[in-house]
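If you read the protein sequences in the order shown, they are chains A and B.
Residue numbering for the first sequence follows the working numbering, starting at 1 and increasing by one per position.
Residue numbering for the second sequence follows the working numbering, starting at 1 and increasing by one per position.
Since the hints were made in silico from the structure, they are not lab data.
Don't be surprised by glycine CBs; every beta carbon is placed ideally from N, CA and C.
The reader is advised that the hints may include incorrect statements.
Stated by the list, open to error - Heads up, simulated BS3-like pairs for lysine-lysine below, C-alpha to C-alpha not over 25 Å straight-line:
| # | chain 1 | residue 1 | chain 2 | residue 2 |
| --- | --- | --- | --- | --- |
| 1 | A | Lys166 | B | Lys524 |
| 2 | B | Lys33 | B | Lys82 |
| 3 | A | Lys166 | B | Lys511 |
| 4 | B | Lys104 | B | Lys82 |
| 5 | B | Lys154 | B | Lys104 |
| 6 | A | Lys330 | A | Lys23 |
Claimed, not checked - A short, non-exhaustive set of chain B residues, derived as facing chain A with CB atoms under 10 Å:
| # | residue |
| --- | --- |
| 7 | Gly346 |
| 8 | Leu520 |
| 9 | Gln527 |
Claimed, not checked - Have a look at the derived ranges for each label pair, beta carbon to beta carbon:
| # | chain 1 | residue 1 | chain 2 | residue 2 | range |
| --- | --- | --- | --- | --- | --- |
| 10 | A | Arg256 | B | Leu382 | 50 to 56 Å |
| 11 | A | Ala151 | B | Val509 | 19 to 25 Å |
| 12 | A | Leu123 | B | Gly198 | 26 to 32 Å |
| 13 | A | Tyr58 | B | Leu99 | 30 to 36 Å |
| 14 | A | Ala151 | B | Leu382 | 44 to 50 Å |
| 15 | A | Leu367 | B | Ser505 | 52 to 58 Å |
| 16 | B | Trp332 | A | Ala151 | 37 to 43 Å |
| 17 | B | Pro312 | A | Gly328 | 43 to 49 Å |
| 18 | B | Leu393 | A | Glu189 | 36 to 42 Å |
| 19 | B | Ala507 | A | Gly264 | 37 to 43 Å |
| 20 | B | Phe504 | A | Asn195 | 23 to 29 Å |
| 21 | A | Asp111 | B | Phe504 | 39 to 45 Å |
| 22 | B | Met379 | A | Gly289 | 55 to 61 Å |
| 23 | A | Leu134 | B | Arg356 | 43 to 49 Å |
Take a look at the letters that make up each chain.
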Amino acid sequence: MIASNPLPHLNTASKHHQPTLYKPKAWAAILLVICFFAVLPVLNLSTPENHAWHVSNYTISLLGKFICFALAALALDLVWGYTGILSLGHGLFFALGGYAHGMYLMRAAKDSSDQLPDFMVFLSFDHYPWYWELTQYAAYAWFLVILVPGAVAFIFGYFAFRSRIKGVYFSIITQALTFAAMLLFFRNETGFGGNNGFTDFKYILGFDITASITRASLYWVSLAALLGALILGRAITQSKLGRVLTAIRDSEGRLRFLGYEPLGFKLFIWTLSAILCGVAGALYVPQVGIINPSEMSPENSIEMVIWVATGGRGSLIGPIVGAATVNGLKTWFTSAFPEYWLFALGFLFVLVTVLLPQGIVGLVQKLMKNFASKGVN
Amino acid sequence: MMRTWLKWLVMLTFSIPFQLAFAQVTVNPEITKGLTSFNSSAILASVEQLGQSGSPYAEEVLLAMASGQVKVNDQGQIFLEKLDGSFVNLTDGASVSNLPENVKKIRLNNRLRLAITNALAYSQFFSENDETRLLAVKALQTNIDIERLPLLIKARSQEVNADIALALDLSIASANLQSKDNQQRIKAIVNLGESGQGQFIQTLMPLLRKNDRGQFVEPLEIRQATEIALKKIEYQLTVESWLGNIFFGLSLGSILLLVALGLAITFGLMGVINMAHGELLMIGAYSTYVVQTLFKQWFPSAFDWYVIAALPVAFIVTALVGMVLERTVIRWLYGRPLETLLATWGVSLILMQLVRTIFGAQNVEVANPSWMSGGLHIMGSLVISYNRISIVLFALLVVLFVWIILQYTRLGLFVRAITQNRQMANCVGVPTGRIDMLTFGLGAGIAGLAGVALSQLGNVGPDLGRTYIIDSFMVVVLGGVGQLAGTVIAALGLGALNKFMEPFSGAVVAKITILMFIILFIQKRPQGIFAPKGRGVE
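Isolated chain A, as found in the complex (with noise of 0.2 Å):
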């Protein structure tokens, strides 16, 4: 990928970055925290329903759920806080991960492999069509959460970073992709339920999906998917590799004029963003127990943007944070004031961007760096 040598200011400055992924005090509180939601599952079925230590089954699904998302913020985060592409079609994929996902949900459902859903009934299909095989197998189908997403993003990063689209023309044009996807699922004939798209799942891996332990078991692997990917994705951003994508954001011009061809870097962290985003659609899709199409629509996809805006983009932390609080204030304004809910998402669009450019985190950075220089004083 690297055209020339490696530039020496590069290496200069890989000599003084810290071997280590984060220091011993991050490790700990990252760890610390982990537990902390690590235990919650354990909480809510160890003990009775009126225990004072007791968590509701409804707080496991609503933070299973939140987790998905904060693992679709990081993947964003990924191409937009560190790489400077803007997604506005994030959902697509992982709406892909999670309908590749729901074949296998679907299927397991069933009494024999060989019959079909209810809505292929009601169309008079006689057989699964053939992109539809072998996703009885779990493994098979998980394969597929991974594949399809990747591929689909591999190859349109592929077309659209070989002819430099970029800036507002790229975003513009993951949301048409999105969308088109979206009209292409809403029809009955694409073979995936149409509107109603895929629910009424009841075992996976043969345990049944309502039962307290399997979602404990889905909390707990989405948990883990998420640390995966903030340690993955600390690997990278810390790496020679994230320096040249910083340097991407920050000029791709005179990346390329110093001798770096940015498309190999650019399709790269693309596609591993796609997938990490589509392994969230797949852990998303049995913990809420439906997908459909407007999973693809340009609206969530925009507002993953702003989960990723409002906790701070160009941190890892700052996604998983935002995520966490949009969807918090979501859930509460829809039971509280549900008609208010647009206006307070449409202030916090506006607010962040123009007031808040580094989200929660930069906002807390500051704090304890003035904090900081004021003891000195």
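Following the hints, complete the assembly by docking chain B onto the known chain A.
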């Protein structure tokens, strides 16, 4: 074709309030005797006779039969159900509140339904109303029995309306296809062929059929005439569908143009896609609604012209909203186009919810003024509605308006300067801040004008903008920056492409294909059709 007409006919006739006439309904008992026989062929015959009786009540009886409101018994009594649930005895016209016990509903089957529809059509042949008569004649054109020829000829001899006379001529020709005289038949075939109407393909096709042994049923001369006639019709249909596609493409293109024009101006100037553009369209449409309501209240006599009055109102309202938006939000985000995109999206959510709070989540009704309803009959079955024609003309005027502003005013000069090179323009004293605000207002105002046009085409609701927003982005992306011509060509091209693809692939697939096409097109020309050239380009 035939089915559509039948549907129309049935819908039209059912909407006539026939309840009042019931009190005096009486019909010649000889004719209605068949209805009480419980014998389907007798019922059919009776229905047919009713249609030809010329009795003004026949129509009401038939309509009642069609909706299953007629009950009979074996003593020859017939009862019509009224809307309030009481009954009229058809034989003496007396109201009956309690039916005799042995009455039964006349069961409708498909044959009977068809017979009723046909009979209704006959009774409408001699209606006073031109439109009823025309619809009736057309309903029977392709499916007419030669025995009705005398009736048709009688109707033709009385006919004064040229359109209906023509339709009757075709009906006569259609009936004549069953004539014994081959010369007569050939003449009929030629007549039908000249008409160029697609519905007659179904009528003519059977003349080319073969029997079980693979031989043609009709003699050679008939078949030759039929083939020529079919070719003529097909040619005519092709011409019609091309003209139709061109026009509908033009009309869709004009809508896209109106919708995207304002966006293109602000995008060209600031390199920012205004995500709230769709909501500006929506506000324009709601302004039209408000003006309409005011006109209804205060100037009902000038109601037809409310659309004209709505134009400046919508322009000013949306331009103000646009300028406020620019001053309060966008100004702080210059040089950060991606953030502007997000902030304007937030504004769009706020505006949408605001309109929902003020006007409610339901669609509001915006009526077409009378001069916009109806349509221009071009040829055959091709009718172009006046509101579509008005939109094409309106789009043309708006483009002209924008072009004049950009080319011949001081504001336009400044706008062009800033679009080409913002810093240089600033250096030579162009007040960029003020121009940004005014231009944003202009772009928003044009969105408002487009909103007025959209209100005349479809539903006006808080989600109106969302329907058009992606399309208008596509136009701007395809057209490129800072060139009116690019926007115009992209809009018209996309409109035409869409309409020409729809018949082959269906609307959704056409839309998906076009989005894919744009994504591929951008590969070749990342800056749109008319890319800016020179050193200013990043």
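Which of the listed hints are broken here? 5, 6, 13
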